[in-house]
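*Asks:* Put chain B on the given structure of chain A with help from the hints.
Here the protein sequences line up with chains A and B, keeping their order. Reading the first sequence from the start, the letters are residues 0 to 473 in numbering that gives the first Met the number 0. Reading the second sequence from the start, the letters are residues 0 to 65 in numbering that gives the first Met the number 0.
Treat the hints as calculated values from the structure; they're not laboratory data. Bear in mind the structure is a predicted one, so any value in this text is a computation, not a measurement. C-beta: ideal position from N, C-alpha, C; glycine also. Careful: at least some of the hints might be erroneous.
Listed next, the in silico BS3-like pairs over lysine-lysine satisfying Cα-Cα at most 30 angstroms (straight line) [to be verified]:
| hint | chain 1 | residue 1 | chain 2 | residue 2 |
| --- | --- | --- | --- | --- |
| 1 | A | K444 | A | K296 |
| 2 | A | K296 | A | K63 |
| 3 | A | K438 | A | K63 |
| 4 | A | K444 | B | K41 |
| 5 | A | K296 | A | K438 |
| 6 | A | K263 | B | K41 |
Restraint ranges, calculated between C-beta atoms of paired labels, are given here [stated by the list, open to error]:
| hint | chain 1 | residue 1 | chain 2 | residue 2 | range |
| --- | --- | --- | --- | --- | --- |
| 7 | A | L74 | B | L27 | 40 to 48 angstroms |
| 8 | A | R291 | B | R36 | 45 to 53 angstroms |
| 9 | B | A29 | A | I77 | 54 to 62 angstroms |
| 10 | A | L262 | B | L27 | 22 to 30 angstroms |
| 11 | B | I15 | A | L325 | 53 to 61 angstroms |
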Amino acid sequence: MTRAGRITLLVVVSAVAALFFGPEAIAHGIAGRTDLPIPRWLFGWAAALVLVVSFVALAMLWPKPRLEAARRRRLVRIPAAVDPICAVIGVALFTVVVYAGLAGTQSAVANIAPRFIYIFFWVGLVVASVAFGDLFRLFNPWRAIARAVAWGIRRISPDGLPRPIAYPERLGRWPAVVGLFAFAWIELVLPSQDRTMPSTLSTLALVYAAVQFIGMSVYGIERWTQRGDGFSVYFGLFAALSIFERRESTLYLRPPLVGATSLKRLPGTAALLSVMIGATAFDGASEGELWRSVGPKLQEFFVARGAGLEVGLELAYTVGLLLMILLIAGIYRIGVYGIHTISRDRSMSDLSALFVHTLIPIAAAYVIAHYFSLLVFESQAASFLISDPLGDGSNYFGTADSTIDYSILSPSAIWYTQVAILVTGHISGLILAHDRALKVFADPKLAIRSQYWMLVVMVGFTSLGLWLLSASNQ
Amino acid sequence: MTFIFAHTGHWITSLIYAAPVVLLVALLVADHMRNRRREKAKVSSAAGPVEAQAEPTRDQKPHNPA
Numbered sequence: 000m001t002r003a004g005r006i007t008l009l010v011v012v013s014a015v016a017a018l019f020f021g022p023e024a025i026a027h028g029i030a031g032r033t034d035l036p037i038p039r040w041l042f043g044w045a046a047a048l049v050l051v052v053s054f055v056a057l058a059m060l061w062p063k064p065r066l067e068a069a070r071r072r073r074l075v076r077i078p079a080a081v082d083p084i085c086a087v088i089g090v091a092l093f094t095v096v097v098y099a100g101l102a103g104t105q106s107a108v109a110n111i112a113p114r115f116i117y118i119f120f121w122v123g124l125v126v127a128s129v130a131f132g133d134l135f136r137l138f139n140p141w142r143a144i145a146r147a148v149a150w151g152i153r154r155i156s157p158d159g160l161p162r163p164i165a166y167p168e169r170l171g172r173w174p175a176v177v178g179l180f181a182f183a184w185i186e187l188v189l190p191s192q193d194r195t196m197p198s199t200l201s202t203l204a205l206v207y208a209a210v211q212f213i214g215m216s217v218y219g220i221e222r223w224t225q226r227g228d229g230f231s232v233y234f235g236l237f238a239a240l241s242i243f244e245r246r247e248s249t250l251y252l253r254p255p256l257v258g259a260t261s262l263k264r265l266p267g268t269a270a271l272l273s274v275m276i277g278a279t280a281f282d283g284a285s286e287g288e289l290w291r292s293v294g295p296k297l298q299e300f301f302v303a304r305g306a307g308l309e310v311g312l313e314l315a316y317t318v319g320l321l322l323m324i325l326l327i328a329g330i331y332r333i334g335v336y337g338i339h340t341i342s343r344d345r346s347m348s349d350l351s352a353l354f355v356h357t358l359i360p361i362a363a364a365y366v367i368a369h370y371f372s373l374l375v376f377e378s379q380a381a382s383f384l385i386s387d388p389l390g391d392g393s394n395y396f397g398t399a400d401s402t403i404d405y406s407i408l409s410p411s412a413i414w415y416t417q418v419a420i421l422v423t424g425h426i427s428g429l430i431l432a433h434d435r436a437l438k439v440f441a442d443p444k445l446a447i448r449s450q451y452w453m454l455v456v457m458v459g460f461t462s463l464g465l466w467l468l469s470a471s472n473q
Numbered sequence: 000m001t002f003i004f005a006h007t008g009h010w011i012t013s014l015i016y017a018a019p020v021v022l023l024v025a026l027l028v029a030d031h032m033r034n035r036r037r038e039k040a041k042v043s044s045a046a047g048p049v050e051a052q053a054e055p056t057r058d059q060k061p062h063n064p065a
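This is chain A alone, in the form it adopts within the complex (with noise of 0.2 angstroms):
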């Protein structure tokens, strides 16, 4: 056997070791506070041994690049109803959350707002986008009554609209991403009355429909859609992940993370799935402890400086999410000035472009497995809600008295599966990375070799993912 065989032995061996019978041989040797068979920590080394051994399983297994070129299966053709019928139920469900907003009881846990936007829209839609393809799309309120208004001036008007404007090419996906900070602004930095009170949500909703409105008549109702529609781009990623693909009016069966190879390369990606990725982490980071010590401080610093105790804190909290952002993306350029340093004559913006699909997973990764348990949990008050939007003591389908029922999941299942989302994602990103560079590199060996540091921000991330989670969940 060679060495290099040897090497990768040795490694399949341990991996498979740590993950099946490290945990049972430390099982009874740890006593913690969790019946966790083994420290949280020792699942980070483990996932990061994983990674490992996918690493080297790809340099080995997989030579020549596959998802670039992989063939689509024409699986049925969409009936012309399937969009006005989902554009009328898209627009109605925004209604009814804007209204019950506005009007119904501005407490949190009665009202639909507040459920809808953070755990249905916000993450619900993320899994429904890697399953099933872009939903969103389909149901964009917005966008619908955007087509509707243009539809409805063609016809009364025969020179129809005004042309619009080229879209200026440098912005790319800028404007989506000063959308998607401005939500995880509110998320996670606004007082937790104000971001969860509905009638300040159902403003916002009206605020951020009203920008859409204007920015899909400046440069068009699908090229705004695509670029500057925080939301459309941020599900519009995550359904490049699902096997289904939809081309005019005809669905498609194409491999998971095929889509993702077809991201168009625009400014602004990078930023854009980093302020998703770290926007996700910042939301565990600020439930651990390294927060708890350090975010009171930045709050005492800027109170100093003549804040007040609220502006104080979340001027705190907007340095901590910015610094959270910053740290994600640093991470990726680490990964992308090791494969520069492989390919000096290829510029560090040009392969960060290159290789920026690869966050795409680890986004996805990210926000399934921080959300789980809330989407298992939250997703259940559906069924009240459904019948009380207003929280006014309605029963419109009899459900307003069910509960939720929290023992639905237990704590170690939940976290067995956070891991194994993480790992998964992770794994996703080594694979769209190695594949690309395949086809980058001509050389398979300079191929593998530019992976080296790619390897190292995948375990980077994981290991951080994992951090995050368990600090989220002591």
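*Replies:* Relative to chain A, chain B alone:
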């Protein structure tokens, strides 16, 4: 900086999560340095004979009978 260290004990144990990353980075840096040393050695061994040809030693210089 005192505020960061005020409750260090609460979160310093979390650094154990970073151990795999530190190990990987150390391996990569070591590999990088070994490669650079090899390249330097190659360059110097390749440059040696060229210099010898350019600068012949006293013994190699042609004898001038005058």
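*Asks:* Taking the hints in turn, state whether each one holds.
*Replies:* Cross-check of the supplied hints:
1. Taking the CA atoms of K444(A) and K296(A), the gap is about 49 angstroms. The hint is violated against a cut of 30 angstroms.
2. Among the hinted pairs, K296(A) with K63(A) is inconsistent with the structure: their alpha-carbon atoms are about 52 angstroms apart, more than 30 angstroms.
3. For the hint pairing K438(A) with K63(A), the CA-to-CA distance comes to about 8 angstroms; that is within 30 angstroms, so the pair holds.
4. A C-alpha spacing of about 21 angstroms is found between K444(A) and K41(B), which places the hinted pair at or below 30 angstroms, so the restraint holds.
5. Between K296(A) and K438(A) the CA atoms are separated by roughly 49 angstroms; this puts the pair beyond 30 angstroms, and the hint is violated.
6. Between the alpha carbons of K263(A) and K41(B) the distance comes to roughly 43 angstroms, so the proposed pair goes past 30 angstroms and is violated.
7. Between L74(A) and L27(B) the beta carbons are some 44 angstroms apart, a value that agrees with the proposed interval 40 to 48 angstroms.
8. For the pair R291(A) and R36(B), the supplied restraint of 45 to 53 angstroms holds, since their beta-carbon distance comes to about 46 angstroms.
9. Checked against the given bound of 54 to 62 angstroms, the beta carbons of A29(B) and I77(A), roughly 55 angstroms apart, stay inside it.
10. Separation of L262(A) from L27(B) is about 28 angstroms and conforms to the stated range, judged on CB atoms against 22 to 30 angstroms.
11. Between I15(B) and L325(A) the beta carbons are some 24 angstroms apart, a value that contradicts the proposed interval 53 to 61 angstroms.
Going down the numbered hints, you'll see the structure goes against 1, 2, 5, 6 and 11, while the others check out.
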